[in-house]
Amino acid sequence: MAEVLRPQMMGARVSRLEDPRLLSGQARFLDDIQVPGMLEVAFVRSPHAAAKILSVDVEAARHLPGVYAVMTHQECPVMLWNKESYKVGQPALADGEVAFVGQPVVAVIAENRYIAEDAAELIRVEYQAITPVLDMRDAIQEKPRRVHEHAENVFFKKSRQTPGFDEAFAAASHHLTASFRTNRQTAVTMEPRGTAAMLDAASGRLTVYASTQSPHRMREDICNLLDIPEHLVRIIVPEVGGGFGMKAACYPEDVVVAQAALRYRKPVKWISDRLESLESDVHARDDIHDVEVAFDDDGKIIAIKDHLMADGGAYPAYPWSGAEGETGLAARVLTGPYDIPYLATDIDCTYSNKTPLGSYRGVWGPIASFIQEGLVDRVARHLNLDPADVRRRNMIRKEQFPYRNAARMIYDEGSYLESMEEALKLIGYEDFRKRQAVLRQQGRYVGVGISVFVEPTAMASSEAGEVGYESCTIRIEPSGRVTAAFGLGPSGQGHETTMAQLLADQLGVPLADIVVLHGDTDSAPYGGGTGGSRSGPIGGGAALVAGRQMRERLIKYAAHLLEAGEDDIELGDGKAWVAGVPDRSLTIRTIAQTAYMDVSKIPEGLPIGLEITGRYLPKRPVTFSNGTHIAEVEVDVHTGVVKVTRYAVANDCGRVINPTIVEGQIHGGVAQGIGAAVLEALRYDEDGQLVTTSLLDYLLPESTDVPRIDVHHIETPSEGEGGIKGMAEGSLIAAPAAVACAISDALAPFGGMVDTLPVTPDMVLKMVQDR
Amino acid sequence: MADERVEVVLQVNGREHRLEVSPRWTLSDVLRHQLGLIGTHVGCEQGVCGACTVLLDGEPVRSCLMFAVQAQGQHITTVEGITPENGLSPLQEAFRAHHALQCGYCTPGMLLTAQALLDRDPNPSEETIREALTGNLCRCTGYQFIVDAVLAARGQGRGA
Amino acid sequence: MKPAAFKYFRASTTEEALQHLEAHPGSKVLAGGQSLVPLMNFRLSRPEVLVDINGVDELNRLSVEGGEVRIGALVRHQQLAESVDVARAVPVLSTAAQHIGHWAIRNRGTIGGSVAHADPASELPAALVALNGSVVLRSAAGERRLPADEFFQGFFNTALQDGDLIVELRIPVSKSRFGFSEVVRRPGDFALVGAYIERAGSSGAVTWFGLSGRPERLPVDAWPQGESDRRALLERLVGALPVDESEDYKRAMAVNVAERAYHQAEGEK
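Keeping their order, the protein sequence lines are chains A, B and C. In our numbering, each residue carries its 1-based index in the first sequence increased by 1. In our numbering, each residue carries its 1-based index in the second sequence increased by 7. In our numbering, each residue carries its 1-based index in the third sequence increased by 28.
It is worth saying that the hints were derived from the structure and are not from the lab. Yeah, the Cβ is synthetic: ideal placement off N, Cα and C, and Gly gets one too. Check before you lean on any hint, since a few could be wrong.
Claimed, not checked - Chain C is faced by these chain A residues, among others (derived, beta-carbon under 7 Å): (1) TYR115; (2) ASP274; (3) ASP706.
Stated by the list, open to error - Here's a subset of chain A near chain B, in silico, CB distances under 7 Å, partners left out: (4) SER16; (5) LEU23; (6) GLY26; (7) ALA28; (8) MET191; (9) GLU192; (10) GLY242; (11) GLY665; (12) VAL671; (13) VAL692; (14) SER695; (15) SER704; (16) THR705; (17) VAL707; (18) ASP711.
Let's have the full structure, built from the sequences with the hints guiding it.
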């Protein structure tokens, strides 16, 4: 069979199919779902970090004209509680106590949001404030108290050590210690969260519109929490204005909205405003690492010891805590791309009276890279070696793949050293060092930071859930046009284009003849959704598997109808033909007509119609992408302001489906990484009040904060379908470390090194003054 | 206080609309919910993110920081108003060609700011473009491809 | 984040606006709305009556006459930033206006609104103080003129009384040279700290903003020529200001931006 394809679409810079509707204002996001009689929800949220609820008086609100209903825990007695993993769950609406500022207490359902907010103001909740638990180190010691009386503060604890660690650590000739702190950040999708629910007039089932990354997981969560069988719930995901892991969880508000639609038999909608978003979207990156590193005279790192701590907030996000995700995986990939034989890690995740920690793009990665690269730079500075050289000495070499790291993770083949050398070339490293020396003479402080990253992708489990496979249903319609459905939940990644590219090559049809559906559990085959950089490799793998099966079927048809051998059939441009005899051809449309309308001509053994569902479960539990980011910064030592001036990336995510889309993902992750490094922090005051409640306080990078980013692609194929690896998180995994290292480099004359993110102007001034 | 209604006449994308609104309804809400112009997106209601940007007499403004009653007699342009009847405008085409959008939520506001810039300065430098776009936040693209798209759309006018 | 209900009146003359303000105690003036409406959306501000002055053309005048720049309360930041007359008469005011917010904010935000809001980290109130400007207020009782230094009283606090309407700002055209510099995390943000420097021959003044509750203008009898002496003087001056302990780091910044503004003033005119 002419199985060797000449892929034309895979690897092509195709403009996105989803763009026209988005560019013309026609795309339908969650708040654009509008049906007659729809009611809107506003939540009364806790103003206290910790308090007992003494009474709730909703009477005045209930009687306000335009108010339809008011719900408390009594009307929605649901707990978001993953009992298999945690001793604590969060009630959808507070039940007798509140544990963080912004926790939903009462839901008001009214004609519109304006009236709902009027009514929310009329609700009187009497609280008795309790001392909040706010400091991570204290909380781990159960101080000042337990967050939840019946559960220890530390809810996830794990220790792991490479055999022989103590001896190796003690025998090393040099040791350094450092404590690293990452402050709370959050995804801030430009479209806030939102949910709408209604009973479907045609079927009586519950339809939930959800701005989520994982339609089937959301269905499962809603069904489990509200005790409804799955076939009676339909999830529809409209256009999603950004997810970044934050929209992977099921939230209390989702449950309340669904419950309201069921209880009152009315269409109900809730759209988060930005205040709610900053208070109640899952937070991330609230971690402390106390680290010791042992190394020899040449800068070869021998052992790392790390006490990882994370503040998980008041409750585990449902169904799992981001604190566990951030520390658990960080502990396994802490050695990054370096061949460091010994590792000892102790993890403590604690509750506190803050917003729950969940997933945000990169989850563990931005933290672990910050530590791993920070350590390498400390070693380099201690030994007065070039940071690039120390990286070269420690890097896992090509011949070591598949490589088993000190935490027993298996890395498949990558291009670690190659990526660094490419990135060094892109940034002009040698020239930079000369320029840096000259500028220092002039009192200007520039620096470069190198961040070599590994990115575990396509994992058997991720924030998108425990579904390790993905599915694709291909239906070639009687017209010969293709409808393909996936269980993915894209939020800007361009799956409608990339999946169509993969299918176009397999089916030999033009891109314009393919429509990719996603996000509707009625049409999509069961799948894990989007998260953990899995959609490209696993979703794409499913497209390839299903596409290949359909291709085989098309070839059988063509061989039969053209009276030729299957090995001689070629597909392309919407046609099938006999190799070398282009005149002996027929269109895919003709095949489809036969399959549906002229069924007596169907080749023996084939079913009626052209519909196939293919599933793909990667053989490896994970495939590692890799690359190197190098940031150049200028630090204004008079104001403490850091400007990222140049940026280079060498990226290896295996076979690339669409380089332009990959570059877009990288640019976006770098921008978020710059935010993480110098701008973004959620701050609480001493009473546990969140003080960063607007986008004037929580600073996102603007167009002038992000430099041009030079991207070089390297392709080391995975062993999985299509050689594809995931790539959406690598850029945010690498970028904060690159910027942090660059700041340390710029400020080297003052002696200090960055150990806290984000680096704020006052911190820079302190580093300069502490000289 | 009860929600009184007042009449307002809005000129939106060249059409006149006579509406009953509550004075407290923001222009963004009225465009979206009363007129069905859902291309105007609401991202913060704090005047920071720029997703709700519309043109008021040709100049970009935040529609979340204006009450609809205030727009009486002024000309409002939304993303629907810069979209040709068929296809896309040169700027929109450039956005597509340069992959200047991912989730697309900030895109209408971005387009309107960029269009207003090109209307007043047909040949802006990269620096001018970046400065003009500082008031429009994008969380997906890192801005580079947006800037590239605006650079590419220079000198092409608004199209059909 | 939706505002509470209010009654809305649209004024087309100053008189009409004053009548509404007089008739409805506790009413608020709605001009550009770039500070007021976010507060209303948060329901941190909930006026029962809004008097919209956007249609009052007489408040929209910008002129340089009689040795003064006269800026109507309704003049938008962008108008100020783009005015050739202002750039010629008081260049530092043009420079500062370009640093206010973002384009869309400048298109809508008004001079009067900025002054009434009195954000201590805002460029314009500080400019008014630094440039010895004054605020012209009108109420049913008549018109009065307050020096900027008296008008700004503290954190978001001014001499504005119920029923007052800011009608105009007046800034004398001075022979002094001025410089401006500020520290922002991102372009368009409110300043962490900023400074205006005045050089009138060998004397002058420094005006800092973002440090305490209001812009602080401190006269300087004689500017030291050497940088280290000048820094020592600035350090002494900033040391006397009531800066919140948690923001002590701003003192070092303040000295540095003042030094930058000093050099800017050297280059001006």
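- Query: Going through the earlier hints one by one, which of them does the structure break, listed in rising order?
  - Reply: 13, 18
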